[in-house]
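Asker: Sequence:
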Amino acid sequence: SGATTTNRQVSMYLNGHLAMTAGLQWLLMACSLAFKFLLENVNYFYVSLWKFLSGKIDCLTEYYRRIHVGPAKKYYNHKYGRFKRIR
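Heads up, the sequence shown is in our numbering, so the first residue is 4 and it goes up one at a time.
Note that these hints are calculated values from the structure, not bench results.
Quick caveat, the model's predicted, so the values are computed rather than measured.
C-beta atoms are modelled at their ideal positions from N, C-alpha and C, and glycine is treated no differently.
Hints may be right or wrong, so weigh each one.
Beta-carbon label-pair distances, calculated as ranges [what the hints assert, rightly or not]:
id	residue 1	residue 2	range
1	Ser51	Ser14	33 to 41 angstroms
2	Ser51	His71	26 to 34 angstroms
3	Ala37	Ser57	22 to 30 angstroms
4	Arg85	Asp61	40 to 48 angstroms
5	Gly26	Tyr49	44 to 52 angstroms
6	Glu43	Gly19	30 to 38 angstroms
7	Ile60	Arg85	20 to 28 angstroms
8	Trp53	Arg11	58 to 66 angstroms
9	Ala33	His71	33 to 41 angstroms
In the DSS-like style, the derived pairs of lysine-lysine whose C-alpha atoms are separated by at most 30 angstroms in a straight line are [to be verified]:
id	residue 1	residue 2
10	Lys76	Lys87
11	Lys76	Lys59
12	Lys77	Lys39
13	Lys76	Lys39
14	Lys87	Lys54
15	Lys87	Lys77
16	Lys77	Lys59
17	Lys39	Lys54
Given these sequences and hints, build the entire structure.
Answerer: Structure (structure tokens):
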């Protein structure tokens, strides 16, 4: 009597190993497909992202400049978030 390995144990181990390898292969395939898709559409992706972000940044900087910079800044009411009436 010692450390004996039965045929059933070996087959179970191999089944688990094969399932794991298949899962890893599937994951690798999915990752490579996603990477290929990104590489094919990377230009469009980055251009649209840049347009979106630059538009948002432009809006924010313009808003900040209208409020904090220039001759109109002393007419902005920060408490109510609007320009004061110029009398």
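Asker: Now tell me if each hint is right for this structure.
Answerer: Cross-check of the supplied hints:
At about 52 angstroms, the beta-carbon gap between Ser51 and Ser14 misses the expected band of 33 to 41 angstroms. A hinted range of 26 to 34 angstroms holds for the C-beta pair Ser51 and His71, which are about 30 angstroms apart. Under the hint 22 to 30 angstroms, the C-beta atoms of Ala37 and Ser57, about 26 angstroms apart, fit the expected range. Against the hinted window of 40 to 48 angstroms, the Cβ-Cβ separation of Arg85 and Asp61 comes to about 21 angstroms, which falls outside the hint.
Remark: the range hint 44 to 52 angstroms for Gly26 to Tyr49 is contradicted by a beta-carbon distance near 32 angstroms. In this structure the hint that Glu43 and Gly19 lie 30 to 38 angstroms apart at CB holds, the actual value being about 36 angstroms. The supplied range of 20 to 28 angstroms is met by Ile60 and Arg85, whose beta-carbon atoms lie about 23 angstroms from each other. Between Trp53 and Arg11 the beta carbon distance is about 59 angstroms. The supplied range of 58 to 66 angstroms therefore holds.
Distance hint for Ala33 and His71: a CB-CB separation of about 48 angstroms, inconsistent with the stated range 33 to 41 angstroms. Restraint check: the Cα-Cα separation between Lys76 and Lys87 comes to about 10 angstroms, which is no more than 30 angstroms; the hinted pair holds. The hinted pair formed by Lys76 and Lys59 meets the criterion: a straight-line CA distance of about 22 angstroms does not exceed 30 angstroms. For the suggested pair Lys77 and Lys39, the alpha carbons sit about 54 angstroms apart, so the restraint of at most 30 angstroms is broken.
Straight-line distance between C-alpha atoms of Lys76 and Lys39 comes to about 50 angstroms, which puts the hinted pair past the 30 angstroms bound. A C-alpha spacing of about 33 angstroms is found between Lys87 and Lys54, which places the hinted pair above 30 angstroms, so the restraint is violated. With a CA separation close to 9 angstroms, the supplied pair Lys87 and Lys77 stays within the 30 angstroms bound. Taking the CA atoms of Lys77 and Lys59, the gap is about 25 angstroms. The hint holds against a cut of 30 angstroms.
With a C-alpha separation of about 23 angstroms, the suggested pair Lys39 and Lys54 falls inside the 30 angstroms cut-off, and the hint holds.
Violated hints for the displayed structure, listed by number in ascending order: 1, 4, 5, 9, 12, 13 and 14.
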